[in-house]
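Engineer: Letter by letter, the chains look like this.
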Amino acid sequence: MEGILQTFGLDWPKFISQVIIVLIVYVILSKYAFGPVLAMLEARRRRISEGETNLKTIEAELNKAEEKVQGMLNQANADAERLITEARESAESVRGQKTQEAIKEAQQIIEKAREASRLEHESAMNELKRDFGRLVIDATSKVTGKVLDDKDQKRINEETAGQVAL
Amino acid sequence: MFSLDTISPLIAAGGINAPEIPALGWLTNSILVASIVTVAVLAFTRMATRRMELIPGPKQNLVEYVVEFLYGQVEGIVGKHVAPKAFPLLATLFIFILSSNWFGLLPGVGTVGFGHKVAALSVDSSHVDAGGHHTFVPLLRPATADLNMTLALAAVFMLVWFYLSIRELGVWGTLVHIFGPKGGLQGPLKYALMPIFFFVGLIEVVSIIFRPMSLSLRLLGNIFAGETLLHTMGGLGATIGLPSWLAWISTVVFPLPFYFMEILVGALQATVFSLLCAVYIKLATTHDGEEHH
Chain A
1 MEGILQTFGL DWPKFISQVI IVLIVYVILS KYAFGPVLAM LEARRRRISE
51 GETNLKTIEA ELNKAEEKVQ GMLNQANADA ERLITEARES AESVRGQKTQ
101 EAIKEAQQII EKAREASRLE HESAMNELKR DFGRLVIDAT SKVTGKVLDD
151 KDQKRINEET AGQVAL
Chain B
1001 MFSLDTISPL IAAGGINAPE IPALGWLTNS ILVASIVTVA VLAFTRMATR
1051 RMELIPGPKQ NLVEYVVEFL YGQVEGIVGK HVAPKAFPLL ATLFIFILSS
1101 NWFGLLPGVG TVGFGHKVAA LSVDSSHVDA GGHHTFVPLL RPATADLNMT
1151 LALAAVFMLV WFYLSIRELG VWGTLVHIFG PKGGLQGPLK YALMPIFFFV
1201 GLIEVVSIIF RPMSLSLRLL GNIFAGETLL HTMGGLGATI GLPSWLAWIS
1251 TVVFPLPFYF MEILVGALQA TVFSLLCAVY IKLATTHDGE EHH
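Heads up: the protein sequence lines correspond to chains A and B, in order. Counted the way this note's numbering counts, the first sequence spans residues 1 to 166. Counted the way this note's numbering counts, the second sequence spans residues 1001 to 1293.
So here's chain B without its partners, still in its complex pose (with noise of 0.2 Å):
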């Protein structure tokens, strides 16, 4: 029967589970990633936008072309009027995956961390006690390979959307929109039709409920699939038996082509995540006599 323990010598080193930090106690790794990109991240623009001028230095001038574009983006799908109040959250979203996700190719993520020492400075990444739990726990682990992470993105998002409805809408507004007639029907057909669009309303409701689920475990698929492939991909060649000097060089070789395809990967799934997001967010506050427009 197949479960995520047949798999598990394929699974990225530490498997799907977040580890905690042997030395750090209840911190895990991925929590300890998401700091640091939360901190760099903040840190940089903090740094560009400290003494902000008309005439920009090189910081202030890249911060400001990535929220310019953004914003263009945002506008473009949320509306003029809601893209003020929607694109914080978007921009963060998109800004902490992108960060997250390539921080997450830099040398020694998931690569070094705490296990059986085999050599001086190597420890055994494949070894699995008698629980079937790995041993190996690395001391840094891309932030978006881990559901917790995906799941608070993604429920921090929901919180916004919800209050971005309501406030558009407002309480009464938000249930016609999703349970009312839509398409400005009038007369008899628009009362003979409102069973059908209450039952659509319903699955919309559904449909609204798994957003959260669809989104985190969508990111969560792609990296973690991504750091798993990388490092599948690192051990190939001892894996297939070739000789100790190749194997080594295909320690380089084989993943190498996987890096770049993973620096695109990181970078669509921050813009699908957004992407998506945005839209929920001009679905859920599109006025009905706009959707004629």
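This is chain A alone, in the form it adopts within the complex (with noise of 0.2 Å):
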């Protein structure tokens, strides 16, 4: 074996000098290179760990806040509805009070009209009445020629006024 390795060129003291080399590159390099580039992937890692689990969480809250929105517009939607209708009952209940608030007042309109056209019209046939006992009295003067006194203008106007309340 001593003289296979004396051929192919072993020298001990240059042999313990390189495994002295390789021993230095070993510890240098699991020191100073794969130690801080491992723990640099590591916390890359994590961090990207950490990232995705975020964005889990951010994606959950905001399903969280879009129902939580849909239910808002749903609540709005239901409040507005009930609102209108409401506002649409309150306001045919409005119209109908108003209807008849209208409806009250033109009859009393009318019957206010009415009333007033018969107060008028008792008073043109009081007026006629008289215009036309009047008449009556001056016809019934000149015809007769006599002076009627206040008893018979009375009967005359009594009785006109009696045909002609018919």
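Just so you know, nobody snuck in bad clues.
Keeping only pairs whose Cα atoms sit at most 20 Å apart, straight-line, the calculated SDA-like set for lysine to any residue is:
hint, chain 1, residue 1, chain 2, residue 2
1, B, Lys1059, A, Arg44
2, A, Lys31, B, Pro1084
3, B, Lys1059, B, Val1039
4, A, Lys68, A, Ala80
5, B, Lys1080, A, Arg46
If you're looking for bench data, these hints aren't it; they were derived computationally from the structure.
Assembling the complex is the task here: the two chains are given apart, and the hints tell you how they should meet.
Structural biologist: Rendered as structure tokens:
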């Protein structure tokens, strides 16, 4: 074995120096290269993992927020529908009330007008009766040539008025 | 009779022994390259990881990509539990071997060096002295084309492998894991088969002892062969007697396809070395109960 190694150029002091070189590379690379790089890779992996977790949390919160917004929209729509219905009902009620009031007022106006017309009619009739009575008295006095006293005039008036009241 | 010396003219400049650099005394060209690769790898990773940020820059991004990719591969083989402990070693081995292998393909590695001067800027790289030793000493040589380096890599791995095995299973657990009955055997059959499992354990120990050799010689063989191939292809034009201008062109054309192949081989050998190490760790740290899953 020793002969083979010598043939292939093994020289123990030089071999030991090569071992030392390899050990130096091993130790320094382990300490200053692989350690920090692996730590950095781990830190980056953790950061990405945290990012993924945060992303999922954000997505969940977004879904919750969207659900909440949808709920609020639904509630707002329901409230709006209710308010519109209430407003419509209220408007219907007010309109009915106002219509009734208007009808009532119109009836009152008609009644008043009718009453006024009746009164005016009565007044006109009374005046007509008086004028008619006076005309009848004048005609009677002229036809008869008799001066009618108050009693006659009253009687003629009443008779005339009674006939005209038809 | 076959010996390495008989094929020495085809072996890369400097032969299989990593020669000492004349101007630098004890330091071999292989140790010099290993040191350069070490400094380069450490400097780049330090630059990339000095100020780590969640949003990485280009250098940090590259290092993170490499580390993440390697970690995924290691975790897939050794499991989630052992991966954090085994990853630094396996990643170090892969990155260092890959860098060293590819460094050997840079221009000047294995071709610039010390030797007999034959022209203003040329030395004779094929000269062999009276003792049969190459007199041309390249300044740089792929670190993984030197057994000292590949064996050092395997030795460091075996040390960490041993530590991980003991830490994961304990001394007794490791012994039971190697020599004990497997497959969840119970009752009389378990005791009847114990001698067989003990014998299998002995074979397993022998294979463990030979692991450093198989790991180191496989890597050495492939990279050294690649280096030799490139040198041989580079000098093939002159060897077969082409005219000098054609021989000069052939030094570029002939090795070119093999450069692409060596890029692949460099990555492949780094992968094979690391992969086998990962499998060895997996085999040694798997609890018997886990084997049935």
